[in-house]
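Taken in sequence, the protein lines are chains E and W.
If you're matching positions, the first sequence starts at 0 in numbering that gives the first Met the number 0 and goes up one per residue.
If you're matching positions, the second sequence starts at 0 in numbering that gives the first Met the number 0 and goes up one per residue.
In case anyone wonders, no lab produced these hints; they're calculated from the structure.
Predicted model only: the values in this text are computed from it and were never measured.
Cβ coordinates follow ideal geometry from the N, Cα and C atoms, glycine included.
Honestly, I wouldn't trust all of these hints.
[Unchecked claim] Between beta-carbon pairs, the in silico distance windows are:
id, chain 1, residue 1, chain 2, residue 2, range
1, E, Arg-589, W, Ala-70, 23 to 29 Å
2, E, Leu-135, W, Ser-81, 56 to 62 Å
3, E, Gly-629, W, Lys-205, 52 to 58 Å
4, W, Ala-76, E, Trp-590, 51 to 57 Å
5, W, Ala-76, E, Asp-436, 48 to 54 Å
6, E, Lys-611, W, Gln-170, 42 to 48 Å
7, E, Glu-357, W, Gly-174, 23 to 29 Å
8, E, Gly-629, W, Ala-70, 19 to 25 Å
9, E, Leu-70, W, Leu-77, 55 to 61 Å
10, E, Asp-436, W, Ser-81, 26 to 32 Å
11, E, Trp-417, W, Val-138, 21 to 27 Å
12, E, Val-235, W, Val-138, 50 to 56 Å
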Amino acid sequence: MRRCLSLLVCLVAVGVIAENNPPGLAIPATTSAINSSTPLSQRVVAYNMDAKYDAKAHSLDATETLTYHNLTGQALDTFPFHLYLNAFQPTSTWMREGKREGTRGQDFEKWDKKSYGAEEIKSFEVVGQGDFTSQLQYIHPDDDNKDDRTVMQVHLLKPVPPDGYVEFKIKFHDQFPETLERTGWNRDFVLGGQWFPKVGVWWHGAWNCHQFHAYTEFFADFGVYDVKLTVPQFEVVGASGIEVSNVNNPDGTKTVAYHGDDIHDFAWTASPHYRIYDDTFQGSMGPVKLRIMLQPAHWSQAERQARITKQTMERFDKWYGPYPYKTLTVVDPDPGSQAFGMEYPTFITGGTTWWEPEGMHAGSQETIEHEFGHQYWYGMVATNEFEDAWMDEGINEYTQVKVMDSIFGPSASTLNLWGISAGEREETRLFYMGVADVDPMAKNGWQYADSNSYGGITYGKTAVVLLTLESVIGEDTMRRAMHTYFLRYRFSHPTKEDFLKTIEEVSGKDLRWYFNQAVYGSQVLDYEVMKLSSVPVDWYKEDLKEKKGETEYVDNVWIHRKGDFVMPIEVEIKFDNGDKVREQWDGQDRWVRYTYQKKAKIESIEVDPDHKINFDRNDFNNSQTAEAHGAPARKLANYWTCISQFCAQLLAWWLV
Amino acid sequence: MSEKTNLISAGSAIASRNKRYVIWFYILNLVFAHFGAAAFSDQAHGILDHSLYADKLLHGFDLGVLVELLARPEFGALPAASHPAMMFAVLFFLASLIFMPGVLLGYASDHRIPREEFFRACGRNVWRFVRVFLFFTIVAGIIGGILFGAFNALATAADKTSHERLPFFTQLAGGLIMFLVLTVIRIWFDLAQTDVVLRDQTAVRKSIAAGFRETRRNLGRLLVSYVAIALVALAILVVGILLWHAIVPPSSVLGAFIVGEATLLLLLGTRFWQRATAVAFYVKGTNELIDEVQPIPAFVAP
Numbered sequence: 000m001r002r003c004l005s006l007l008v009c010l011v012a013v014g015v016i017a018e019n020n021p022p023g024l025a026i027p028a029t030t031s032a033i034n035s036s037t038p039l040s041q042r043v044v045a046y047n048m049d050a051k052y053d054a055k056a057h058s059l060d061a062t063e064t065l066t067y068h069n070l071t072g073q074a075l076d077t078f079p080f081h082l083y084l085n086a087f088q089p090t091s092t093w094m095r096e097g098k099r100e101g102t103r104g105q106d107f108e109k110w111d112k113k114s115y116g117a118e119e120i121k122s123f124e125v126v127g128q129g130d131f132t133s134q135l136q137y138i139h140p141d142d143d144n145k146d147d148r149t150v151m152q153v154h155l156l157k158p159v160p161p162d163g164y165v166e167f168k169i170k171f172h173d174q175f176p177e178t179l180e181r182t183g184w185n186r187d188f189v190l191g192g193q194w195f196p197k198v199g200v201w202w203h204g205a206w207n208c209h210q211f212h213a214y215t216e217f218f219a220d221f222g223v224y225d226v227k228l229t230v231p232q233f234e235v236v237g238a239s240g241i242e243v244s245n246v247n248n249p250d251g252t253k254t255v256a257y258h259g260d261d262i263h264d265f266a267w268t269a270s271p272h273y274r275i276y277d278d279t280f281q282g283s284m285g286p287v288k289l290r291i292m293l294q295p296a297h298w299s300q301a302e303r304q305a306r307i308t309k310q311t312m313e314r315f316d317k318w319y320g321p322y323p324y325k326t327l328t329v330v331d332p333d334p335g336s337q338a339f340g341m342e343y344p345t346f347i348t349g350g351t352t353w354w355e356p357e358g359m360h361a362g363s364q365e366t367i368e369h370e371f372g373h374q375y376w377y378g379m380v381a382t383n384e385f386e387d388a389w390m391d392e393g394i395n396e397y398t399q400v401k402v403m404d405s406i407f408g409p410s411a412s413t414l415n416l417w418g419i420s421a422g423e424r425e426e427t428r429l430f431y432m433g434v435a436d437v438d439p440m441a442k443n444g445w446q447y448a449d450s451n452s453y454g455g456i457t458y459g460k461t462a463v464v465l466l467t468l469e470s471v472i473g474e475d476t477m478r479r480a481m482h483t484y485f486l487r488y489r490f491s492h493p494t495k496e497d498f499l500k501t502i503e504e505v506s507g508k509d510l511r512w513y514f515n516q517a518v519y520g521s522q523v524l525d526y527e528v529m530k531l532s533s534v535p536v537d538w539y540k541e542d543l544k545e546k547k548g549e550t551e552y553v554d555n556v557w558i559h560r561k562g563d564f565v566m567p568i569e570v571e572i573k574f575d576n577g578d579k580v581r582e583q584w585d586g587q588d589r590w591v592r593y594t595y596q597k598k599a600k601i602e603s604i605e606v607d608p609d610h611k612i613n614f615d616r617n618d619f620n621n622s623q624t625a626e627a628h629g630a631p632a633r634k635l636a637n638y639w640t641c642i643s644q645f646c647a648q649l650l651a652w653w654l655v
Numbered sequence: 000m001s002e003k004t005n006l007i008s009a010g011s012a013i014a015s016r017n018k019r020y021v022i023w024f025y026i027l028n029l030v031f032a033h034f035g036a037a038a039f040s041d042q043a044h045g046i047l048d049h050s051l052y053a054d055k056l057l058h059g060f061d062l063g064v065l066v067e068l069l070a071r072p073e074f075g076a077l078p079a080a081s082h083p084a085m086m087f088a089v090l091f092f093l094a095s096l097i098f099m100p101g102v103l104l105g106y107a108s109d110h111r112i113p114r115e116e117f118f119r120a121c122g123r124n125v126w127r128f129v130r131v132f133l134f135f136t137i138v139a140g141i142i143g144g145i146l147f148g149a150f151n152a153l154a155t156a157a158d159k160t161s162h163e164r165l166p167f168f169t170q171l172a173g174g175l176i177m178f179l180v181l182t183v184i185r186i187w188f189d190l191a192q193t194d195v196v197l198r199d200q201t202a203v204r205k206s207i208a209a210g211f212r213e214t215r216r217n218l219g220r221l222l223v224s225y226v227a228i229a230l231v232a233l234a235i236l237v238v239g240i241l242l243w244h245a246i247v248p249p250s251s252v253l254g255a256f257i258v259g260e261a262t263l264l265l266l267l268g269t270r271f272w273q274r275a276t277a278v279a280f281y282v283k284g285t286n287e288l289i290d291e292v293q294p295i296p297a298f299v300a301p
C-alpha cells in the first residue's frame with residue numbers, strides 16, 4: 000500500500016513536471032554570429048528582447064522573452080534575476096560600498112539625481128504558469144541590506160524538470176544614470192550595459208546570483224541573444240553580436256536588430272556623433288569584422304586603434320586560442336563619460352583623446368588590449384567574477400603584460416616618450432606594492448579591504464604572481480598551460496582549482512607550495528642583501544699592504560628573507576677580479592651566509608639576478624655594491640634642482 | 000616698428016652691459032635650489048648608491064623605478080623633500096625683492112655703480128618694494144581671479160558640449176588672455192618700481208599711479224616688447240629641453256647639468272631683459288626730468 004502511494008505521488012509529480020514543460024521550446028542552435036558551423040557552448044539561455052530607447056529621458060522600455068534550459072540535473076522552482084540598474088540608487092549595496100570605499104574614482108560626496116538608475120519590472124509572466132509580477136521578491140544574498148534591489152527572485156508554481164525548458168516574458172522599464180560603472184548616458188551618448196533582467200547561474204548545486212557590488216559585475220550563462228533596439232534615426236548604434244537588420248520607422252526612429260551566439264551578456268551604445276572605421280582581422284577560425292566607433296575628434300586615432308586591436312588579436316589567437324566570433328566592436332565613448340574601459344561579449348569600450356601621443360601606450364592602446372583580453376578571460380572562459388575576480392581581471396592583466404611587452408618592448412610597453420620609459424611589468428608590480436599584505440587573491444570580490452586592495456591584488460598581484468610562475472615552470476610551459484586552460488574551459492565556468500590544476504598538469508610540477516602562498520595567502524616576498532664584507536686573511540699583520548689580485552680575502556655575504564613568502568632564489572656574487580658565483584638558496588631559513596676565500600674582494604651581490612621574481616616588495620635592496628655609485632642619485636638630484644630653480648624663477652618673474 | 004625695436008634693443012643693451020646682475024641672481028637661484036634639493040638628494044643617495052637596480056634610472060629614465068623610489072618608506076614622505084625646495088624658492092623671491100632696487104639703479108646708470116650704492120638702493124627701497132608688491136598682489140589677485148573664474152566657467156560650459164577640443168581651446172585662449180593681462184599688470188608695476196627707485200619716491204602710490212599712466216599711454220609698445228622677450232624665453236626653454244633630450248646621453252649627469260643650467264641662466268636673463276626694457280623706456284620717457292641718475296645719499300645719523 001505504502002509502495003503504491005509512493006508510486007502515485009511520483010506519477011503525479013512527473014505529470015506536473017511534464018505539464019510544466021511548454022512544448023516547442025528550445026535554445027536555437029544558430030551559428031550566424033560565429034565562425035563555426037556548430038554551437039560552441041552549452042547554451043542555457045535564449046534572450047529575445049525588443050527595446051525602445053528614449054534619448055531625451057535616457058530611459059528604455061522593453062520586452063524580454065527568456066527561454067531557460069534546465070541543464071542542472073535537478074528540478075528548479077526558483078529563479079533569481081540580476082536587476083543591476085537598481086544599483087544606482089542611494090541606499091543600494093553598490094552605493095553604500097562606493098560611499099564607504101570609493102569606486103572607480105567616485106566617492107559620491109553628494110547625491111546627484113543624475114546618478115539615479117532603475118530597472119523596473121512592469122510585468123513578469125512565466126509562460127504556462129501565469130503572471131508573477133506581484134510575487135517577485137527582492138533578495139540580498141550577500142549582505143543584510145534590505146534596500147538593495149539588484150537581485151529579484153521568483154518562485155514558480157511548478158518546477159522546471161531536469162533538461163526541461165521554461166519561458167519568461169518580462170516587460171521592464173530602465174532609467175539610465177549619467178554614466179556610472181560604465182553604463183548610462185553622457186550628453187547625447189548612451190552605453191547600455193547591465194540593462195536587462197538577467198537570470199543567475201546554477202553553479203555547484205546552487206543559484207549564483209550576487210548583488211551588484213562596487214567592484215564586481217558579471218556572471219552569466221551562455222546562450223543566444225536576439226535584440227531589437229529602436230532609437231532615433233540620427234543615432235549611430237553599435238552592439239554585441241552581428242547586425243542583422245536596420246530599418247527606418249515612420250515615426251523618425253529606426254530599429255536595429257542584433258544576433259549573438261554563444262555569448263553571456265549583451266551591451267549596446269548609441270550616439271549621433273560616432274564615426275565608423277571598419278577593418279578585418281583574419282583569425283584562425285575565420286575573418287573577424289572590426290567596427291571601431293570613434294568620436295569625430297578622435298578620427299586621427301582610428302588607424303592606431305585598429306592596429307593595436309589586430310596586434311592583440313593576433314597574439315591571443317597564436318598564444319591562447321582562436322577568437323570564434325565574427326565581429327568585434329570597439330567603442331570610443333563620449334569624452335568625460337565614465338564609460339571607458341569596459342568589456343562585454345564581442346563589444347568593448349576603449350577611450351582616447353585627440354592629443355594622445357604615439358609613445359603613450361598606457362592610454363587607449365593599453366585599454367583596448369585589456370578589454371579585448373576579457374573576450375577570453377571572462378568572455379569565453381567565463382569565470383565567476385564575483386567570487387574569483389583575479390581569474391578575470393588578474394589573468395587578463397597577466398596576458399596584457401605579455402601582449403604589450405611583445406608589441407612595444409618590455410621596458411617601454413606603458414610609456415616611451417621624451418626619453419622617459421615605463422613597462423607594463425613594473426606598472427603592474429607597483430599596483431600591487433601598496434597593498435601587498437592586505438588581502439589574498441582568493442577572496443570574494445566585494446570583501447576586499449577597499450578599492451585599492453581589490454585593484455592591487457586582483458589585477459596587480461595576479462599578474463606578477465603569474466609572471467613569476469614563468470620562472471618556476473618556464474615561459475613556454477606557462478604559455479602551453481594558458482593555451483590548455485583556454486581550450487579546456489572556454490564556454491564554461493571554471494573554478495580557481497581548475498586553473499591551478501591545469502598549470503600543475505601541464506608543467507608536471509607540484510606547485511602547491513607556491514599557490515598556497517601566492518593565491519590563497521597574503522604573504523609578502525622581500526629578499527635583501529643584508530650585508531657584505533671582504534676581510535684580508537692576514538688582517539692581523541701590521542705590515543699588510545692590500546694589493547688587487549694578490550691579497551687573499553675572506554668574503555662574506557648575508558642574504559636575508561625579510562618577508563613571509565618563502566621561495567627558492569638565486570644569488571649572484573661578483574668579485575673584483577671578474578669572477579662570478581651563483582648560489583641557490585631555498586629560502587627556508589630567515590637568512591643565509593656565503594663565505595669565500597679568494598684573492599679578490601666582493602664587488603657586488605644580487606638576489607634574483609635574472610629578474611625572474613616580479614613581486615619582491617623592494618627591488619632596491621635586492622642588490623648591494625661594495626663601492627657607492629652616486630650617479631643615479633646625482634642625476635635625480637640634478638633634475639630636482641633644475642625644476643626647483645625653474646619654479647623659483649617663475650615665482651620671482653611674476654611677483655617681483 | 001623701429002621705435003619698438005629700439006625699446007627691445009635698448010633693454011638688451013642695458014642688460015648686456017650689466018650682465019653681472021644676471022650672473023649673481025643666477026648663482027643665488029642655483030645655490031638656493033641646491034640647498035632646496037639637499038633633502039631629496041640625501042634620501043636618493045641613501046637608497047640608490049649601493050643598489051644595482053638604480054641603473055635603470057641612470058641608463059634611461061624608468062618612470063616605474065622612480066615611482067617605486069618615491070614610495071619607499073625609507074625615502075620618507077615626498078613633502079619632506081618638496082617643502083625645502085619650496086622654501087628656498089620663496090627665499091629666492093625675497094632676495095629678488097630685496098636686491099631688485101639695486102639692479103634698477105644700475106640699469107638706469109650709464110656707469111657701473113659702486114657696490115655701496117647698490118646695497119644702499121636696496122636698503123632704502125626694501126619697504127617700498129614690499130608695499131608695491133602688496134599692491135601688485137591685490138591688483139593681480141583681483142583681476143587674475145575674475146579672469147580665472149570667468150575662463151573656468153567658460154571651459155566648464157564648453158566641457159558640457161560634445162566638442163572635445165572646445166574646452167581645451169577655451170582654456171588655451173583663456174590662458175593666453177590671462178598671460179597678456181598679467182603681463183600688462185607686470186609692466187605697470189615694473190614701471191612703478193623703476194619710478195620708486197629712480198625718483199627715490201617714498202609715496203609708492205604716486206609711483207603706482209605714474210606706472211599706470213605710462214602703461215596706459217604706451218600699452219602697445221610696452222606690451223609688444225614684453226611679449227617678444229617672453230617669446231624668446233619660451234624659445235630658450237623649448238630649445239633647452241630639445242637639446243637635453245637630443246644631445247645629452249641619459250647617463251651623463253654633467254651634460255644634463257650644463258644644458259639645464261645654461262637654459263635656466265638664459266631664462267633668467269630674459270626677465271632681466273624685460274626689466275632693462277622698462278628702465279630704458281622710463282629713462283627715455285622722463286629724460287627731461289632726470290638727466291642722470293643721482294647717487295642716493297648715504298644715511299647720516301642725526
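Do Glu-357 of chain E and Gly-174 of chain W keep their Cβ atoms within the hinted range of 23 to 29 Å? At roughly 25 Å between Cβ atoms, Gly-174 of chain W and Glu-357 of chain E fall inside 23 to 29 Å, so the hint holds.
Beta-carbon spacing of Ala-76 of chain W to Trp-590 of chain E - inside the hinted bounds 51 to 57 Å or not: Violated, at about 30 Å.
Does 50 to 56 Å hold as the CB distance between Val-235 of chain E and Val-138 of chain W, or does it fail? 51 Å, holds
Could you tell me whether the CB distance from Arg-589 of chain E to Ala-70 of chain W stays inside 23 to 29 Å? Given a distance of about 25 Å, which is inside 23 to 29 Å, the answer is holds.
Supplied distance hint 26 to 32 Å, evaluated on CB atoms of Asp-436 of chain E and Ser-81 of chain W: 28 Å, holds
Verify the CB-CB distance for Lys-611 of chain E and Gln-170 of chain W against the hinted window 42 to 48 Å. Holds - the Cβ-Cβ distance for Lys-611 of chain E and Gln-170 of chain W, about 47 Å, lies within 42 to 48 Å.
Okay, Leu-70 of chain E versus Leu-77 of chain W on CB: inside 55 to 61 Å? Holds, since Leu-70 of chain E and Leu-77 of chain W (Cβ atoms, about 57 Å apart) stay within the stated range.
Range hint compliance [Cβ, Leu-135 of chain E to Ser-81 of chain W, 56 to 62 Å]: At 57 Å between Cβs, range holds.
52 to 58 Å as the expected CB spacing between Lys-205 of chain W and Gly-629 of chain E, which holds or is violated: 55 Å, holds
Supplied distance hint 19 to 25 Å, evaluated on CB atoms of Gly-629 of chain E and Ala-70 of chain W: The hint (19 to 25 Å, Cβ to Cβ) holds, given that Gly-629 of chain E and Ala-70 of chain W are roughly 22 Å apart.
Is the distance from the Cβ of Trp-417 of chain E to the Cβ of Val-138 of chain W consistent with 21 to 27 Å? For Val-138 of chain W against Trp-417 of chain E, whose Cβ atoms are near 38 Å apart, the range 21 to 27 Å is violated.
Indicate whether the distance between the beta carbons of Ala-76 of chain W and Asp-436 of chain E respects the range 48 to 54 Å. Cβ of Ala-76 of chain W to Cβ of Asp-436 of chain E: about 21 Å, so the range 48 to 54 Å is violated.
Violated hints, listed in ascending order, are 4, 5, 11; each of the other numbered hints is respected by the structure.
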